[in-house]
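Counting from 1, position 62 in the sequence shown corresponds to residue 62 in the working numbering; the numbering is continuous, with no gaps.
If you're looking for bench data, these hints aren't it; they were derived computationally from the structure.
By construction, the Cβ of each residue, glycine as well, lies at the ideal position given by its N, Cα and C atoms.
Check each hint, because a few of them may be wrong.
Said to hold, decoys possible - Label pairs and their computed distance ranges (CB to CB): (1) Thr83 with Ala28: 15 to 25 Å; (2) Thr94 with Glu27: 17 to 27 Å; (3) Gly24 with Glu58: 19 to 29 Å; (4) Lys20 with Gly57: 44 to 54 Å.
As the list claims (entries may be wrong) - Derived lysine to aspartate or glutamate pairs resembling EDC-like cross-links, with alpha carbons at most 16 Å apart: (5) Lys49 with Glu61; (6) Lys90 with Glu124; (7) Lys119 with Glu82; (8) Lys119 with Asp4; (9) Lys113 with Glu82; (10) Lys49 with Glu124.
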Amino acid sequence: MHPDDLTGACINAAIRIHRKFRSGMLEAAYETFLFRTLVNDGFDVERQKAISFEFEGERYENAFRADLIVNGRLIIEVKAQETNSPVHTKQLLTYLRLAELPLGLVINFGMPKLMDGVKRVVNELPPEQSPQLRVNRPRPVQ
Numbered sequence: 001m002h003p004d005d006l007t008g009a010c011i012n013a014a015i016r017i018h019r020k021f022r023s024g025m026l027e028a029a030y031e032t033f034l035f036r037t038l039v040n041d042g043f044d045v046e047r048q049k050a051i052s053f054e055f056e057g058e059r060y061e062n063a064f065r066a067d068l069i070v071n072g073r074l075i076i077e078v079k080a081q082e083t084n085s086p087v088h089t090k091q092l093l094t095y096l097r098l099a100e101l102p103l104g105l106v107i108n109f110g111m112p113k114l115m116d117g118v119k120r121v122v123n124e125l126p127p128e129q130s131p132q133l134r135v136n137r138p139r140p141v142q
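Hey, can you work out the whole structure from these sequences and the hints?
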């Protein structure tokens, strides 16, 4: 499945959930609903997956837990807050780098309009191809 199709299907599942329940629930509830919805839609989904990594010869077990990993390629970070924060994108980008995965979504169910809370994050593309990566990198000098 093409990455755009994968992210599109995950966003569509989130929209169905948000239309039914709106904002105001706990993050764990939205995570559970999204997990079940994606599984029912035929995706391979891991929930609260422990991620380990190595640094300077040391292995760090269970360094963080990804809310959802879809088809082994996409991390979804679920939020339920009234505002978006740049730290959510930074957190997801860090998870993508440590897990060595290419793509992620921050989905903030706390927003009145769900699409205002959706952020696609791409790992290791030049900033001009993925403006989301500028959170940890300065703008290129022209």
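Each hint, compared with the structure:
At roughly 19 Å, the beta-carbon separation of threonine 83 and alanine 28 lies within the given 15 to 25 Å, and the hint holds. Between threonine 94 and glutamate 27, the C-beta spacing of about 18 Å keeps the proposed range 17 to 27 Å intact. Taking the beta carbon of each, glycine 24 and glutamate 58 are about 42 Å apart, not inside 19 to 29 Å as hinted. Hint check: lysine 20 to glycine 57, Cβ distance near 49 Å, so the stated range 44 to 54 Å holds.
With a C-alpha separation of about 12 Å, the suggested pairing of lysine 49 with glutamate 61 holds against the 16 Å cut-off. Between lysine 90 and glutamate 124 the CA atoms are separated by roughly 13 Å; this keeps the pair inside 16 Å, and the hint holds. Among the hinted pairs, lysine 119 with glutamate 82 is consistent with the structure: their alpha-carbon atoms are about 15 Å apart, no more than 16 Å. Between lysine 119 and aspartate 4 the alpha-carbon distance is near 13 Å, which keeps this suggested pair within the 16 Å criterion.
A distance of roughly 11 Å separates the Cα atoms of lysine 113 and glutamate 82; the hinted pair therefore holds under the 16 Å criterion. With a C-alpha separation of about 22 Å, the suggested pairing of lysine 49 with glutamate 124 is violated against the 16 Å cut-off.
The structure fails hints 3, 10 (numbered hints given earlier, in ascending order).
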